[in-house]
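Peer 1: Given the coordinates of chain P, work out where chain S should sit on it, guided by the hints.
Number of protein chains: 2
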Amino acid sequence: MSEASEQNPTPAPEDNSEQFSTMALEAEGESEGGKKMSKKEAAKLDRLRKKQELKAAATANSGAAAPASEDPLAANYGDVPLNELQSKAVTGRQWTEVGKLDSGFEAQTVLFRGRLQAKRGKGKLAFLVVRERGFTVQCVLNVKPDVVSPQMVKYATALSTESIIDIEGVVSVPKVPIESTTQKVEVHVTKIYSISNAEPVLPVNIDDAARSETEIVKAEQAGEPVIRVNQDTRLNNRVLDLRTPANQAIFRLQSEVGMFFEQYLRAKDFIALHTPKLMPGSSEGGSAVFKLDYMGTPACLAQSPQLHKQMAICADFGRVYEIGPVFRAERSFTHRHLCEFVGLDVEMEIKEHYSEVMDIVDELFVSMFDSINKNSQKQLEAINRQYPFKPLKYLPRTLRLTFEEGIKMLEEAGVNVDPLGDLNTENERKLGELVKEKYDTEFYILHRYPLAVRPFYTMPCYDNPTYSNSFDVFIRGEEIISGAQRVHEPQLLEKRARELGIDVKTISTYIDAFRYGAPPHGGFGVGLERVVMLFCALNNIRKTSLFPRDPNRLAP
Amino acid sequence: MSEASEQNPTPAPEDNSEQFSTMALEAEGESEGGKKMSKKEAAKLDRLRKKQELKAAATANSGAAAPASEDPLAANYGDVPLNELQSKAVTGRQWTEVGKLDSGFEAQTVLFRGRLQAKRGKGKLAFLVVRERGFTVQCVLNVKPDVVSPQMVKYATALSTESIIDIEGVVSVPKVPIESTTQKVEVHVTKIYSISNAEPVLPVNIDDAARSETEIVKAEQAGEPVIRVNQDTRLNNRVLDLRTPANQAIFRLQSEVGMFFEQYLRAKDFIALHTPKLMPGSSEGGSAVFKLDYMGTPACLAQSPQLHKQMAICADFGRVYEIGPVFRAERSFTHRHLCEFVGLDVEMEIKEHYSEVMDIVDELFVSMFDSINKNSQKQLEAINRQYPFKPLKYLPRTLRLTFEEGIKMLEEAGVNVDPLGDLNTENERKLGELVKEKYDTEFYILHRYPLAVRPFYTMPCYDNPTYSNSFDVFIRGEEIISGAQRVHEPQLLEKRARELGIDVKTISTYIDAFRYGAPPHGGFGVGLERVVMLFCALNNIRKTSLFPRDPNRLAP
Numbered sequence: 001m002s003e004a005s006e007q008n009p010t011p012a013p014e015d016n017s018e019q020f021s022t023m024a025l026e027a028e029g030e031s032e033g034g035k036k037m038s039k040k041e042a043a044k045l046d047r048l049r050k051k052q053e054l055k056a057a058a059t060a061n062s063g064a065a066a067p068a069s070e071d072p073l074a075a076n077y078g079d080v081p082l083n084e085l086q087s088k089a090v091t092g093r094q095w096t097e098v099g100k101l102d103s104g105f106e107a108q109t110v111l112f113r114g115r116l117q118a119k120r121g122k123g124k125l126a127f128l129v130v131r132e133r134g135f136t137v138q139c140v141l142n143v144k145p146d147v148v149s150p151q152m153v154k155y156a157t158a159l160s161t162e163s164i165i166d167i168e169g170v171v172s173v174p175k176v177p178i179e180s181t182t183q184k185v186e187v188h189v190t191k192i193y194s195i196s197n198a199e200p201v202l203p204v205n206i207d208d209a210a211r212s213e214t215e216i217v218k219a220e221q222a223g224e225p226v227i228r229v230n231q232d233t234r235l236n237n238r239v240l241d242l243r244t245p246a247n248q249a250i251f252r253l254q255s256e257v258g259m260f261f262e263q264y265l266r267a268k269d270f271i272a273l274h275t276p277k278l279m280p281g282s283s284e285g286g287s288a289v290f291k292l293d294y295m296g297t298p299a300c301l302a303q304s305p306q307l308h309k310q311m312a313i314c315a316d317f318g319r320v321y322e323i324g325p326v327f328r329a330e331r332s333f334t335h336r337h338l339c340e341f342v343g344l345d346v347e348m349e350i351k352e353h354y355s356e357v358m359d360i361v362d363e364l365f366v367s368m369f370d371s372i373n374k375n376s377q378k379q380l381e382a383i384n385r386q387y388p389f390k391p392l393k394y395l396p397r398t399l400r401l402t403f404e405e406g407i408k409m410l411e412e413a414g415v416n417v418d419p420l421g422d423l424n425t426e427n428e429r430k431l432g433e434l435v436k437e438k439y440d441t442e443f444y445i446l447h448r449y450p451l452a453v454r455p456f457y458t459m460p461c462y463d464n465p466t467y468s469n470s471f472d473v474f475i476r477g478e479e480i481i482s483g484a485q486r487v488h489e490p491q492l493l494e495k496r497a498r499e500l501g502i503d504v505k506t507i508s509t510y511i512d513a514f515r516y517g518a519p520p521h522g523g524f525g526v527g528l529e530r531v532v533m534l535f536c537a538l539n540n541i542r543k544t545s546l547f548p549r550d551p552n553r554l555a556p
Numbered sequence: 001m002s003e004a005s006e007q008n009p010t011p012a013p014e015d016n017s018e019q020f021s022t023m024a025l026e027a028e029g030e031s032e033g034g035k036k037m038s039k040k041e042a043a044k045l046d047r048l049r050k051k052q053e054l055k056a057a058a059t060a061n062s063g064a065a066a067p068a069s070e071d072p073l074a075a076n077y078g079d080v081p082l083n084e085l086q087s088k089a090v091t092g093r094q095w096t097e098v099g100k101l102d103s104g105f106e107a108q109t110v111l112f113r114g115r116l117q118a119k120r121g122k123g124k125l126a127f128l129v130v131r132e133r134g135f136t137v138q139c140v141l142n143v144k145p146d147v148v149s150p151q152m153v154k155y156a157t158a159l160s161t162e163s164i165i166d167i168e169g170v171v172s173v174p175k176v177p178i179e180s181t182t183q184k185v186e187v188h189v190t191k192i193y194s195i196s197n198a199e200p201v202l203p204v205n206i207d208d209a210a211r212s213e214t215e216i217v218k219a220e221q222a223g224e225p226v227i228r229v230n231q232d233t234r235l236n237n238r239v240l241d242l243r244t245p246a247n248q249a250i251f252r253l254q255s256e257v258g259m260f261f262e263q264y265l266r267a268k269d270f271i272a273l274h275t276p277k278l279m280p281g282s283s284e285g286g287s288a289v290f291k292l293d294y295m296g297t298p299a300c301l302a303q304s305p306q307l308h309k310q311m312a313i314c315a316d317f318g319r320v321y322e323i324g325p326v327f328r329a330e331r332s333f334t335h336r337h338l339c340e341f342v343g344l345d346v347e348m349e350i351k352e353h354y355s356e357v358m359d360i361v362d363e364l365f366v367s368m369f370d371s372i373n374k375n376s377q378k379q380l381e382a383i384n385r386q387y388p389f390k391p392l393k394y395l396p397r398t399l400r401l402t403f404e405e406g407i408k409m410l411e412e413a414g415v416n417v418d419p420l421g422d423l424n425t426e427n428e429r430k431l432g433e434l435v436k437e438k439y440d441t442e443f444y445i446l447h448r449y450p451l452a453v454r455p456f457y458t459m460p461c462y463d464n465p466t467y468s469n470s471f472d473v474f475i476r477g478e479e480i481i482s483g484a485q486r487v488h489e490p491q492l493l494e495k496r497a498r499e500l501g502i503d504v505k506t507i508s509t510y511i512d513a514f515r516y517g518a519p520p521h522g523g524f525g526v527g528l529e530r531v532v533m534l535f536c537a538l539n540n541i542r543k544t545s546l547f548p549r550d551p552n553r554l555a556p
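Heads up: the sequence lines are chains P and S, in that order.
Going by the UniProt record's numbering, the first sequence runs without a break in its numbering and finishes at 556.
Going by the UniProt record's numbering, the second sequence runs without a break in its numbering and finishes at 556.
None of these hints come from the bench; they were simulated from the model.
One or more hints might be untrue.
Repeated chains share a single entry, so a pair holds when one copy, or any two copies, can fit it.
What the hints assert, rightly or not - Keeping only pairs whose Cα atoms sit at most 30 Å apart, straight-line, the calculated BS3-like set for lysine-lysine is:
{"#": "1", "residue 1": "408", "residue 2": "154"}
{"#": "2", "residue 1": "378", "residue 2": "390"}
{"#": "3", "residue 1": "184", "residue 2": "218"}
{"#": "4", "residue 1": "175", "residue 2": "408"}
{"#": "5", "residue 1": "268", "residue 2": "191"}
{"#": "6", "residue 1": "175", "residue 2": "154"}
{"#": "7", "residue 1": "88", "residue 2": "408"}
Excised from the complex, chain P in its bound form (with noise of 0.2 Å):
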């Protein structure tokens, strides 16, 4: 809560239209301050709580999952037995979504499922708010003889939210447009059964997640009693957050970018891999890894399909790439690691230089980019109504920038910079800053990194061996993929391996994978989660993981 909210103590205002507002109902639910809040806010949200909670109690006593059996319409609502939802019957009948619910069916009858988002009952009038996958449409019941009976209506607004109902209606255009829902029309509900009942109480309410940081400080400027779920709240409950709009766009954008990497590859001659995340060493040395034991030998967990998808080139499959889990044991807490996340992967033989990884990265991320833009609208509308964010600045043609330029432009902003280190976040930031200002674009590549600061099997330049044949990408000023050119020579490869301090024998089936000839080869990885969160210039990786894993947080 903010201090403001104290001065401004203004009653949420009373609603008075016909049109439902769900901002009505916000203010239920349990308290998760980000901020502090005063005792007088939190007397407020108490009494709002005992309020809920007693409200909550006497619809669970009131026996709305039995409708009154002297109701001659009883047979048009209520609870439908677990028996019936057991597979008893396939009656034909048709299902319309809620999202395609349009004028083209005013006066028809559909019938839909879905979760019961908002209810306000009114007397003889009743409406509700159904939720589909994200989609909404408002639902009227309205006492009438021989169609809806006052107990019907009163079993629909005894419905806890949240709960999956069925709806049969009558679909109607009104006059003024519903603004509050996804569906410009309205059902005028016949039959209304609820197939599985949410708790009353729910440990975060779908409202209070999906408000948008504008919506709190607006409202506790107004001084109106609002709720901020922070991020564990969200986390330990994440099968209620997961079901806000934002959520439910954030999971469809990243299958779509999944799917978008898979069929750009595929046209260009890649094929899937599948490699093993059981190891017997540690799959690229240094980094922590998960330890296990494996039918009595000890086995690690891959920190990334490297090595193998290295020696599917040496195995003759040319151009590959793999989707697929990665796990680092690493103690990181910080916006942007994980524990376990989404591995983009890509190997290649390559004909002569480096560049034609880059190549792949470029074309790749741009066409992905202008595809989003293009063909995901719905979803980047939706993310960016709770996470407010300007669209991502990338050329047509992706910048590509040595490490060495790099340096010398934070150099010349008087930063402070080894060149022959590794960028830090905040060098990484800066520079990004500087880029910005000078190419205007937010996506770019920093190739021939020095050798030192990067994994045993890259490879040396030809010319200098203190840098590699290495590149970083880097979104909104942090770094997204790292790619290369591996040394495709065992001797070279033993002995950088052994300069880096590497066993050499717990690595030797792949070491000897380039004794049978090897092609060059280079490729590169991307978290998926990253690509998502920078895209959306999202201020957390836990926000585009489904179910997140760091060093404190193995569950849900």
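Peer 2: Then chain S, alone, in the frame of chain P:
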């Protein structure tokens, strides 16, 4: 070696055509007998091996690496030093794929990179077979002033097979079509460079690894020395083994199967999920799990995405799929079990009946099989050459039998079977035979399994809780898919888990997911390796796993 080979000690026929036969080189390599060989045969192979090693040693010392400096054509051949392959320059040279070389290139100079698959020198003439991604082309070096020197021919024939080489040459269309290569043209070499030399003695020769059982038996019967590469040798040297045409085809086919799966489901509004593989408890109870330490907390690897894909349904994603690794710490030493495999998982809301899930299975797989048969002919032919199989018999609409009907068929055939137990492998095979006989299909669905043999989350039948709303799908008498309607009601779910002895505390976040409104839903899981194995009637799942993991194998 079969006994027949002793009776027909016919020597290998001499190659006496200009066309190069790879068969002539076949007898080289390490002896790996699936059967025992006679002393005489062993001695013969030993002599062969020694001859090969001497030859290899001679090659290594012959200065093949450095063309004679006195040759004015020295620049046209030789080993490319590593320095030249470290992304020195982008020349803009045009590369042609071996698989694209055809008569359209007649009289043109082409440049390509591939492996030296086989070679034969004949004085001033040398024939090479060059392979790229399974495609092969014959290359000819013929001494000619100002173009090909005798040293160049010598250099070419001294190269070790499986080396990566660059060839520049002129395409010609021979009068007699070339039978032994996939490409029907010939390339008259003008330049030849080795990019990466294979070690002269390979642990497995590709020709040996590529030979079909029919060819082996034929050679044995003709008394020719022939090598049968056993499975462990193949898997120990997987990078070489994967280069055979059959293996190239198997994994390209597998990639196509995965893509078809995704594209079909996306067209039906499914989205791709990525659920965590690191779990706090055992994901399904029962079968053995891999345990590990997660930052001081006991954890395990997911045995399937079951719990999280269902939670995604509770989180409003409606229809989801996942392609990802699943882990089973079972000591199963069978032809069809792995400790890590690729799961194709699907979960979806159902409106009325689990037949909605079976409908997806049915249409998905029938259209997948149609697509493979139509679009993957080249892969099927390559697999067929080494592992002959009959095309899968399946119906346009998949046969669905109830478990009770299956039991009845088995009983009528005189099989003694527990009507409420699970089918063992033998009875599954037997039923497969009976179904094929009666319905002329090797692909069918068996549903309404006894509840007792299914996991706790399986929905019991509405009319008889002894049975469940579940199904298995069979190909060629082996189970390939398991699916069911799930229990979406938290009380029943908890009760069923307890009944099966599962500690519900370990799955509390899963059970809680159903407390806030859960739609009826169902889904299924398939092993990608099994799809390819059974479609192609391969006899071991290790043939369709890129780098298999079984109780005895954690490498390479």
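Peer 1: Hint by hint, note whether the structure agrees.
Peer 2: Verification of the hints:
1. 408 <-> 154: The answer is neither: 72 Å in one copy and 52 Å across copies each exceed 30 Å.
2. 378 <-> 390: within (15 Å within a copy, 48 Å between copies)
3. 184 <-> 218: Only inside one copy: residue 184 and residue 218 sit 27 Å apart there, 74 Å across copies, limit 30 Å.
4. 175 <-> 408: neither (63 Å within a copy, 63 Å between copies)
5. 268 <-> 191: between (53 Å within a copy, 28 Å between copies)
6. 175 <-> 154: Cα proximity of residue 175 and residue 154: one copy only (27 Å, versus 89 Å across).
7. 88 <-> 408: Between. Shortest inter-copy distance 23 Å satisfies the 30 Å Cα cut-off; intra-copy 72 Å does not.
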